[in-house]
Structure formats: C-alpha cells, structure tokens
Amino acid sequence: MDESGSSVEIINPLYNISPIFLDDIKNELTVLQHQKKKNRSFSSFGRTHILNYFAPIFLFQDYESKSRTKKELITDFEKIDWTNKAYSELISGANTIGILDLNEKGFTLSKIGQFCLEHFVTIGIDSISKLQERLNQTQRNKCVYSEFPSLAKFLQLIYFQNPDFKHFISILQNFDKKEVSSKDIIDMLIMEYPNLLLNFFVKPTAKDKVVSMFLSGNKEALMDNYKKTISDFGHYNFFFAFKRHLVHLGVLSQENRTFYKKTEELDVENDYWILGKDILI
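Position 54 of the sequence shown, counting from 1, maps to 53 under numbering that gives the first Met the number 0, and the rest follow consecutively.
Since the hints were derived computationally from the structure, they do not count as laboratory data. Being a predicted model, the structure only gives us computed values, none of them experimental. Take these hints with a grain of salt, some might be off.
To be verified - Subject to a maximum C-alpha distance of 25 Å in a straight line, what follows is the list of computed DSS-like cross-link-like pairs (lysine-lysine):
| hint | residue 1 | residue 2 |
| --- | --- | --- |
| 1 | 276 | 141 |
| 2 | 110 | 129 |
| 3 | 84 | 141 |
| 4 | 260 | 182 |
All chains should be modelled from the sequences, with the hints used to inform the complete structure.
Structure follows, in structure tokens:
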C-alpha cells in the first residue's frame, strides 16, 4: 500500500474507541487517576440524563488551568441557556464523577476531565452547543449505550476512574450471575463494605445514624426490616438515578426496570440489577 496517498488515515490511539485501542485509553486513565483526589460520594447524583454531567467541562475550554467558582459556572450556563436548569447539580455531579476537582478557590478541570474534553473534541463534540445537539438527538426511553455505544464505552472508562464506583461494579460482577437483587446487594454492603453502603445507599442526612449503628455493633438491625431501613436511611437515587446511570453506560442491561414509586414501597427481593454484556473494568 502506498502510505503517501491521501487515503491513509492517521489515528490517535488514545481517542479511538474501537476495541483495539481500549487498553490504551485504560492505561492513560490509570496514570491520570493517580493525580486526582479520591473519596467522592455518589449520593449527589440527580435524575437527569447522564450527558448533562459532562456539560461543565466545556465551561473550562478557555480556562483549563484556572479555578472557577460555582457562581461563575452557573452564570455561564445561564448565558448559554443550557436546557437542563439544575446547574448546581450538574457541577456537583461532574465533581462526583471526577472530571472536575474542588479546591479552596472553586472548581478546576481535573486531568481526567481534560482528557475527556479532548476526546469529545476529537469525535466532533467540540463545544457545549454540540453537546446540547447530541442530547437533543437522544430519546427519553433510550440510553446512551443503545444510541451511541462507542460514546457510552468511553464514559464507562471515565466513571471507572472513581475507585468506589469501580469497586461497586466489581461486587456486582462477583455475584457471578446475570441478575442480582437489591436485597443481596444491600446485605453485601452492610456486612462487608460499610463505606460503600454510605456512599451509594445511605441518604446524606442519615449517614451519622448509620455510622453509629456500625460503631455500636448493631449493623444487623439494618436487615431486620428492609422497608423501614429504606424509608429511614435509604437514598432514592440508589434505586433510580444511579441505576439509570448504569443503564446509560451499558454496565446494566436495558432490561432493567426503572423504579418510580416511593422508596419505602420498593420490594428489595424482587428488584433486580441485570448486568450488561460490555463492562470494561
């Protein structure tokens, strides 16, 4: 083949999402992971489309190395007239994922956020308006994984840079079955992974009470009455927003049913987490 011809395509392996390059992206993200803060909580996630949480990184295109206050970021969202008006929630969510870092001066674009922004640019989403266009192309009853599978796989790799998120998904896989009940998951977190229980299941206002139960050796009481435990301590987002995030990413299958009723009405024994086929841990 004449490599001097115009038909030759030069590919940057870090940003191509075909399977042959996934390991390159994983390796690069592993390096970046060591340069960012950890211990983020997922309890701040809201009930919005996952792509909204990546909008804040575009507000740093001209400020990549500078800190910006939440007020400044919200003002930019207002000027742009971003469709989802929960601006503060989107900023907090970006921090949760790890694409924004929080310091005493405000928010900065993290190393992983910069990496993510560069990838979006290479696939043609080079501005926040282009991201809004992509969001407008989505259907309410669909997910990123079904509509834009390559993008979903990339976002999966970004999410897996959060050690708690990666650990939680590993636990789901370790059940070694396609469907895992919410009861089995909650029991496992209570007995073996109290920090993950606090990060994923317990609502922020109840964390101190749950910590006291663990310190007093009374954690088994959380399994006596699941409806009461969920009502008193459970975070609705664990069963709705967070679970929906996993469907968007392809970590959970589209077969998963979304729970819309009151949290205390959830039947944990018959609420299942159905794993997807493309989990890129």
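Here's how the hints hold up against the structure:
This hinted pair checks out: residue 276 and residue 141 have alpha carbons roughly 17 Å apart, not beyond 25 Å. Of the supplied pair hints, the one linking residue 110 and residue 129 holds, its CA atoms being roughly 22 Å apart against a limit of 25 Å. For the hint pairing residue 84 with residue 141, the CA-to-CA distance comes to about 21 Å; that is within 25 Å, so the pair holds. Distance hint between residue 260 and residue 182 is fulfilled; the C-alpha atoms sit about 17 Å from each other, no more than 25 Å.
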